[in-house]
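**Q** Place chain B on chain A using the hints.
Protein chains in written order, with the working numbering: chain A, 174 to 472; chain B, 114 to 430.
No lab work stands behind these hints: they were computed from the structure.
Treat the hints with caution; some may be incorrect.
[Stated by the list, open to error] DMTMM-like mimics (lysine to aspartate or glutamate), calculated; alpha carbons at most 20 Å apart, straight line:
{"id": "1", "chain 1": "A", "residue 1": "254", "chain 2": "A", "residue 2": "266"}
{"id": "2", "chain 1": "A", "residue 1": "176", "chain 2": "A", "residue 2": "193"}
{"id": "3", "chain 1": "A", "residue 1": "419", "chain 2": "A", "residue 2": "381"}
{"id": "4", "chain 1": "A", "residue 1": "431", "chain 2": "B", "residue 2": "279"}
{"id": "5", "chain 1": "A", "residue 1": "419", "chain 2": "B", "residue 2": "368"}
{"id": "6", "chain 1": "A", "residue 1": "431", "chain 2": "B", "residue 2": "348"}
{"id": "7", "chain 1": "A", "residue 1": "431", "chain 2": "B", "residue 2": "322"}
In case you want the letters, here they are:
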Amino acid sequence: MLKLDSCCKTYRVGAFGGGELLAVHDVSFEVAPGEVVSLIGESGSGKSTIGKMILRLLRVSRGTIRFEGTDISALEGRQLKEYYANVQGVFQDPFSSYNPIFKADRVFTMLRHAYFSELSASKWNAKLESSLDAVSLNPGDVLGKYPHQLSGGQLQRLLIARALLLDIRLLVADEVISMLDASTRIDVLNLLGDLKGRGLGILFITHDLSLGNYISDRTMILRRGCVVEMGATPLVFGNPLHPYTKVLLASVPQLHTKWVGIGDSARRRPDDEIGEGAGALVEIEDGHFVRSTESTTLT
Amino acid sequence: MALRVDGLTVYYQSLRGDVKAVDGATFGIDDGEIMGLAGESGCGKSTLGKSLIRMDARMRYVSGHVELDGVELPIWDDAKMNPFRFVKVSIIPQYALSALNPTRKIGHMATELLASRDIPPDSVLPEFRRRLELVGLPMTVLERFPIELSGGMRQRVVLVLSSLLDPSLLIADEVTSALDVSTQRAVAELLVEFRNRGFVRSMIVITHDLSVLSQIADTILVMYAGKLAEKAAADMVVDSPKHPYTNLLLSSLPEVGVRFEEQRLAGIPGRPPSLLDPPTGCRFRDRCPLAFEKCGEEPPFAAVEPGHSAACWKVAA
Numbered sequence: 174m175l176k177l178d179s180c181c182k183t184y185r186v187g188a189f190g191g192g193e194l195l196a197v198h199d200v201s202f203e204v205a206p207g208e209v210v211s212l213i214g215e216s217g218s219g220k221s222t223i224g225k226m227i228l229r230l231l232r233v234s235r236g237t238i239r240f241e242g243t244d245i246s247a248l249e250g251r252q253l254k255e256y257y258a259n260v261q262g263v264f265q266d267p268f269s270s271y272n273p274i275f276k277a278d279r280v281f282t283m284l285r286h287a288y289f290s291e292l293s294a295s296k297w298n299a300k301l302e303s304s305l306d307a308v309s310l311n312p313g314d315v316l317g318k319y320p321h322q323l324s325g326g327q328l329q330r331l332l333i334a335r336a337l338l339l340d341i342r343l344l345v346a347d348e349v350i351s352m353l354d355a356s357t358r359i360d361v362l363n364l365l366g367d368l369k370g371r372g373l374g375i376l377f378i379t380h381d382l383s384l385g386n387y388i389s390d391r392t393m394i395l396r397r398g399c400v401v402e403m404g405a406t407p408l409v410f411g412n413p414l415h416p417y418t419k420v421l422l423a424s425v426p427q428l429h430t431k432w433v434g435i436g437d438s439a440r441r442r443p444d445d446e447i448g449e450g451a452g453a454l455v456e457i458e459d460g461h462f463v464r465s466t467e468s469t470t471l472t
Numbered sequence: 114m115a116l117r118v119d120g121l122t123v124y125y126q127s128l129r130g131d132v133k134a135v136d137g138a139t140f141g142i143d144d145g146e147i148m149g150l151a152g153e154s155g156c157g158k159s160t161l162g163k164s165l166i167r168m169d170a171r172m173r174y175v176s177g178h179v180e181l182d183g184v185e186l187p188i189w190d191d192a193k194m195n196p197f198r199f200v201k202v203s204i205i206p207q208y209a210l211s212a213l214n215p216t217r218k219i220g221h222m223a224t225e226l227l228a229s230r231d232i233p234p235d236s237v238l239p240e241f242r243r244r245l246e247l248v249g250l251p252m253t254v255l256e257r258f259p260i261e262l263s264g265g266m267r268q269r270v271v272l273v274l275s276s277l278l279d280p281s282l283l284i285a286d287e288v289t290s291a292l293d294v295s296t297q298r299a300v301a302e303l304l305v306e307f308r309n310r311g312f313v314r315s316m317i318v319i320t321h322d323l324s325v326l327s328q329i330a331d332t333i334l335v336m337y338a339g340k341l342a343e344k345a346a347a348d349m350v351v352d353s354p355k356h357p358y359t360n361l362l363l364s365s366l367p368e369v370g371v372r373f374e375e376q377r378l379a380g381i382p383g384r385p386p387s388l389l390d391p392p393t394g395c396r397f398r399d400r401c402p403l404a405f406e407k408c409g410e411e412p413p414f415a416a417v418e419p420g421h422s423a424a425c426w427k428v429a430a
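Chain A on its own, in the form it takes in the complex:
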């Protein structure tokens, strides 16, 4: 459905834009309908840049992004509007996604003006209710309220409901649950899982490995703009091969297992010891790719 082909993004940095920063380097992957692909990386790894390029909020510097075979960088006017009817994004901070002056349901009204202006009021209301129902919100609880009157989980679900109104086929979920409390974040995550069952493709961008592992079918680990490891989630988490993936997994705090060698200052900042991933992506087993480095022993 969505296909990225050797996408690169360089940002101009410095006082007069003289410097260049390579934010995303040679990233290729596909998202199929009904598939959750998670993009895991630390801050500055380029994961949000990839999401923004797919949503056309940023231009691709090199490479192509195709949706159903059409290069999205050339889309304009009506075609672009049609593209946004298929692809929508939800972002990290539900509190800043809304305009605090207006009621939260204004996001639906704006959508109606843009896409459903011919629809009768009763049909629109029915559509709205079914989409709120899909995200398990009670219309009476959320409609006509201001953003500050709703909880973060409710606001985030409203944004997902807004995306669903368009019968989208791909959702770019950029850190959608990082700002939510532990007791509500799992419900939003389960909602994404249910939507996957209805054939929605989801690009799940996160820095939290346990959330990525919980929800996704395929996982890509990003480091400094490069994909260092990608493959089916059980393979990447069950048999991590790149040293960076191993460091990440060893750092995840687990409830019932303690970190190895806690307080041992000898192994501080292990991140720097990993060589630059200059090598090529090598397929180790079925669909499991690892970028080779000097220190990687690929077996």
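**A** Below, chain B alone, put in the same frame as chain A:
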């Protein structure tokens, strides 16, 4: 016992009335203990931490006593607290960037900070450099502005600065929350190392992340809606929680290895009550699957077994 908090009650003043953010907190911390303070946003955990060092203008002390090393802390009096701050009680605030003065280089800022407390900088600065080296920072950071440092480096600078005078109590408020997993681990381990080396006697680590606490804390105190819910050794809280809230909170955390297709986790339905006018009785009652008639009365925060306290009628001894 290094710290004794007895019936501490702190309200926020708002136009619509008092927000009862911390209501009757009673607990103690031993010498050398790292106590984790956990709970969801708005449960009062940061308020409790802040009230031990400095109440901001909106906070109002209502009642309770705080004793540190046998000396009562005058937390209700901003001026009288001054001799204790930084020397006896220190804090790492929630956002490291906002804790550092953006217009001063790190070295300059440290000198100014010491001068403001009438401490001759030359007596402490060598130790400051030694500790910066210990946490893995190059000496060049002294000549850098905060904005030039990464999140993990800033957090380490603030950690070293806050604990420079070897305080009895260090309050670390969400220090690991904004960091990436590998940096998070490095900073969390530094907290333990600082305790082990005696730079800090005891510590309160405030976070919403129970899994980080299970790694570094000796004991965990869980708060819900301004009240203490449960306190016990970290392993006991994680492995055999008594309070239904702790239990549900733990079961909603996805761990590496748990997958949506195989095991579907559930959140806690509902949301915490408003603290403007909190319900009588147990505040978790409306969301609790075990609630019964007696929950209309307020459960005491009492020991249910040695070293394990909880506020719940279902588990009361």
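**Q** Decide, hint by hint, whether the structure agrees.
**A** Going down the list of hints, with the structure as the test:
no., hint, verdict
1, 254(A) - 266(A), "violated (24 Å)"
2, 176(A) - 193(A), "violated (26 Å)"
3, 419(A) - 381(A), "holds (14 Å)"
4, 431(A) - 279(B), "violated (27 Å)"
5, 419(A) - 368(B), "holds (16 Å)"
6, 431(A) - 348(B), "holds (10 Å)"
7, 431(A) - 322(B), "holds (15 Å)"
The structure is inconsistent with the numbered hints 1, 2, 4, although it conforms to all the rest.
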